[in-house]
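Asker: Next come the chains, spelled out residue by residue.
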Amino acid sequence: MNCNPTDPVDGVDRRSVLAAGAAGLSLSLSGCVDTVRRVVDQDGTDQLSLSIVTVPADADRESIRIAYHLESHLESIGVDVTLKARSRTDFLKAVLIDHDFDIYVGQHPADYDPDFLYEALHSTYANEAGWQNPFGFDSMAFDTLLEDQRRADGEQRKQRLANVLRGVADEKPFDPICRPDEIRVANTTRFDGWGQGHLATRRGYLGLKPDAGVDRLNALVTDARPSVNVNPISATVRERGTVVDLLYDSLGTVVDGEVLPWLADSWEWVTGSEANEADAEETTEPTRPTTTARVSLREDCRFHDGKPVTAADVEFTYQFFQDTVLGRASPSPPPRYRGHASAIDDIEIEDEYTLRITAAAGTDVCKRAFTVPILPKHVWQSELEDRLGNSQEFSAPQGSWSLVTSDSIDPTGSGPFQFKNNAERDHLTLERFDDHFTLREDVEGDHLLAPLVDELRFTVDPGSPSSISRVASGNADVTSSMLAAYSLGDIPEDDPDVERLESPSWTFYHIGFNARTPPCSNLHFRRAICRLIDKEWIASEVFGGHAEPLAAPVTEEWTPDDLAWDGADPETPFAGTDGTLNVNAAHDAFQAAGYYTDDENRLQGRY
Amino acid sequence: MLAEVLTQVAIVIGFVLPVAAGVFIGRERLSQTVSELRPRLRTSAPALLLLGCVLVLNRYMRQNEPNVGFYMTETIRSIEGEFVLIFQDIATPLLTEYFTASYIYGYTFLLLFTPLAYFALSDTTMFRRLLTAYSLNYALGVVLYVLVIAYGPRNILPEFVAETMLYDNNPKYQYLTGEVNRNTNVFPSLHTSLSATVGIFAYYTRDEYPKWFPVAVFIAISVIISTMYLAIHWGTDVFFGLILASVCVALSNMLVGRWSLTDLFDRLDDDSLDAVRDRLGR
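Those sequence lines, one after another, are chains A and B. Sequential numbering from 296 applies to the first sequence in the working numbering. Sequential numbering from 115 applies to the second sequence in the working numbering.
The set of hints was computed from the structure by calculation and includes no laboratory data. One thing to keep in mind: the hints can contain errors.
Label-pair distances were calculated between CB atoms; the ranges are [stated by the list, open to error]:
{"id": "1", "chain 1": "A", "residue 1": "D681", "chain 2": "B", "residue 2": "F184", "range": "49 to 59 Å"}
{"id": "2", "chain 1": "A", "residue 1": "D705", "chain 2": "B", "residue 2": "A215", "range": "27 to 37 Å"}
{"id": "3", "chain 1": "B", "residue 1": "L226", "chain 2": "A", "residue 2": "R720", "range": "24 to 34 Å"}
{"id": "4", "chain 1": "B", "residue 1": "F353", "chain 2": "A", "residue 2": "S367", "range": "19 to 29 Å"}
{"id": "5", "chain 1": "B", "residue 1": "L169", "chain 2": "A", "residue 2": "G552", "range": "34 to 44 Å"}
{"id": "6", "chain 1": "B", "residue 1": "R296", "chain 2": "A", "residue 2": "M435", "range": "45 to 55 Å"}
{"id": "7", "chain 1": "B", "residue 1": "L151", "chain 2": "A", "residue 2": "D749", "range": "50 to 60 Å"}
{"id": "8", "chain 1": "B", "residue 1": "V170", "chain 2": "A", "residue 2": "D749", "range": "31 to 41 Å"}
In silico lysine-lysine, DSBU-like type, Cα no more than 35 Å apart, as pairs [to be verified]:
{"id": "9", "chain 1": "B", "residue 1": "K286", "chain 2": "A", "residue 2": "K388"}
{"id": "10", "chain 1": "A", "residue 1": "K504", "chain 2": "B", "residue 2": "K286"}
{"id": "11", "chain 1": "A", "residue 1": "K715", "chain 2": "A", "residue 2": "K672"}
{"id": "12", "chain 1": "B", "residue 1": "K286", "chain 2": "A", "residue 2": "K715"}
{"id": "13", "chain 1": "A", "residue 1": "K504", "chain 2": "A", "residue 2": "K672"}
{"id": "14", "chain 1": "A", "residue 1": "K379", "chain 2": "B", "residue 2": "K286"}
Facing chain B, according to a computed beta carbon distance under 10 Å, are these residues of chain A, among others [as the list claims (entries may be wrong)]:
{"id": "15", "residue": "R356"}
{"id": "16", "residue": "E719"}
{"id": "17", "residue": "E794"}
Where a beta carbon is used, it is the ideal one built from N, C-alpha and C, also for glycine.
With the sequences and hints as input, model every part of the structure.
Answerer: Below you can see the structure in the form of structure tokens.
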């Protein structure tokens with residue numbers, strides 16, 4: 296209303312302004328700004344505009360600083376850029392579900408094994424919602440590389456993976472920036488055994504010996520989402536799935552980068568000839584290389600509700616992770632664990648506790664598939680039936696339908712801890728599951744750490760600095776969330792009660808491009824953007840040296856020599872020095888990509 | 115942690131309030147207030163009730179914000195750019211201490227002392243206007259909070275405001291403000307609008323409380339600047355906070371004068387207070 300240029304300004308009387316009310320005021324304001332911008336844009340130019348979406352400093356101070364670094368460099372080369380700060384949930388929704396972004400800055404959960412790149416980049420997932428290919432990147436040649444590395448093991452896989460990594464560095468569907476040091480603090484007065492396991496995984500919370508009289512482990516999280524929703528397959532409320540790891544068991548568990556039997560008692564690899572015995576004669580075409588594992592489950596394991604864990608639950612889980620509607624409507628794969636489940640070709644139940652799992656992959660990737668949470672069939676099947684039964688024309692919007700987002704699904708698993716209660720934005724409390732197999736007296740295996748404390752509470756704390764002081768003062772036992780780089784200086788150095796825990800890390804900060812729409816659909820444009828980012832400066836200034844700059848999004852052992860960090864990105868070195876952009880050099884990079892600047896220093900769009 | 119901070123604030127305010135009452139209100143007015151306690155409370159009951167309801171509603175809304183807002187941080191930045199960073203040029207550790215105290219203690223003191231001072235006036239009009247203005251501030255404020263989702267400067271430009279940022283220097287206050295606010299509740303600045311409301315009322319009552327007027331204005335201005343200095347609010351939030359204050363004061367002047375509840379009360383027995391409540395409820 297107030298935007299209408301024909302309204303004489305003086306003619307708007309006070310009462311009608313008041314009547315427009317608070318809502319009108321703010322809404323009409325936004326309208327005005329839009330109008331003004333459109334008018335400015337209409338003077339015959341076509342300035343290139345871009346948006347960068349990330350989370351605010353409260354959620355991740357380093358992300359917004361990287362975003363600001365990029366924003367100011369884009370501005371100085373004449374791009375009309377908008378920096379959008381969104382809550383953690385809305386950020387993931389915009390990027391993973393709605394694909395409503397040009398560029399985003401964030402932390403990638405990645406995985407202990409580089410096969411996460413398969414789901415992150417394979418073109419079959421370009422239109423799916425979730426962690427699978429949020430970039431919308433599609434390249435047939437690339438798909439082949441991704442598949443090739445899956446089918447190999449050992450040194451051969453490493454070489455094939457190097458080709459994938461070179462492809463990422465060349466084509467930049469996303470650009471890894473740095474890997475932050477993963478540091479936490481623990482108070483040693485109440486618990487013994489810190490540092491045995493990675494605190495982003497279940498292992499970090501097992502085998503911790505409480506002192507006499509201590510019945511609760513108080514872990515601090517700076518992310519309130521687990522206190523609101525523990526749905527294991529939601530893409531927008533989960534980051535690394537620490538809570539999922541505790542509530543649910545998986546066939547194998549990761550110990551120092553190796554997958555060792557967990558819910559499975561053991562697995563043995565069945566050789567190719569054995570596996571294909573029956574049909575080897577009939578096929579004349581060379582068969583796809585596959586791996587078959589004969590998996591024996593631990594007997595007499597139970598879910599938290601007392602029902603037994605059997606081979607049927609395992610089979611159900613892998614089928615469900617391929618399609619959450621199990622073929623009853625158009626396919627709706629979940630927004631998490633997509634890559635894990637896609638590796639599995641076939642599952643055959645031999646008996647209640649034995650399965651033959653065949654993967655279209657080598658043993659490395661097959662073992663990665665063993666790390667998904669095993670869901671209770673009876674719980675999820677009935678949740679699915681309830682939803683299917685509700686309407687005639689059933690549809691399950693992939694990645695965002697209620698089964699993969701709801702906070703009301705029974706959190707029953709078979710994991711070492713079970714759900715006790717929660718208070719939104721305050722805490723999530725789990726209690727020890729006394730029937731867990733690790734608590735059996737006859738359990739064998741050094742890696743099978745048991746839940747020892749009665750209760751495990753994740754308390755929401757506003758930030759890393761306050762979390763550190765809370766742990767130091769003994770008000771909490773450990774910081775479960777990884778500490779933000781800016782707060783690391785606050786860790787008391789000579790306090791005998793405070794233990795600094797450093798864990799190997801595989802997560803990394805990165806910028807992601809939406810390759811579905813211009814201008815980021817253009818490879819040369821993406822490469823030119825990457826030249827605006829000084830990774831070395833970010834690692835030393837934004838992270839205070841608590842991060843290592845990256846040219847490849849994987850851990851050191853997988854990085855080929857030509858992509859090892861050597862002071863600058865090998866493909867897209869920063870166009871400037873010490874964090875300061877050389878505008879002319881940047882302009883040249885964009886010009887080479889086919890973008891020119893007009894005489895008012897505005898970068899022109901080509902489309 | 116929260117209890118610790120709350121106690122600290124309560125102790126300071128509990129000490130300052132009686133001193134200020136002695137200095138600005140004076141013994142005479144205070145003793146008169148005690149003797150006229152019941153009739154004054156009776157006349158002011160509707161305004162008190164209104165404020166109570168608004169505060170409860172406000173708290174409920176802030177805790178259960180419906181998901182209907184619009185992200186506006188981008189818009190605010192496109193309006194004012196990096197205006198708030200000018201405060202970083204004048205920043206000194208001492209000034210940071212001062213503005214932190216203003217933001218936490220000065221604001222609480224202003225908000226609590228002003229109604230006390232007006233309650234001590236024999237004419238309750240100002241008291242009722244003030245409570246109505248408070249109510250309007252909170253009511254309109256929470257509507258804007260729901261509609262406008264925006265993050266403050268500390269959330270967008272952390273590297274430039276690290277020196278003065280409230281929670282970096284005093285993480286404990288995060289427990290206090292976290293209890294009453296979300297980090298997306300920045301537009302408009304309620305610290306600004308309520309302080310400005312108090313400032314405007316101090317101007318109205320400069321004859322009754324001549325010494326209070328300059329003090330109130332000084333504290334109010336300190337609080338308003340502190341919101342930007344401490345990187346909690348944008349200039350735009352403050353600007354609209356000032357507008358909100360003017361609107362609320364103007365509305366409360368209109369409402370409290372016009373509805374003439376005092377006349378209504380005069381015609382009623384003490385016992386029929388419930389009947390009035392019913393009328394208001396309708």
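Asker: Could you check the structure against the hints above and give me the numbers of any it violates, in ascending order?
Answerer: 1, 2, 5, 17
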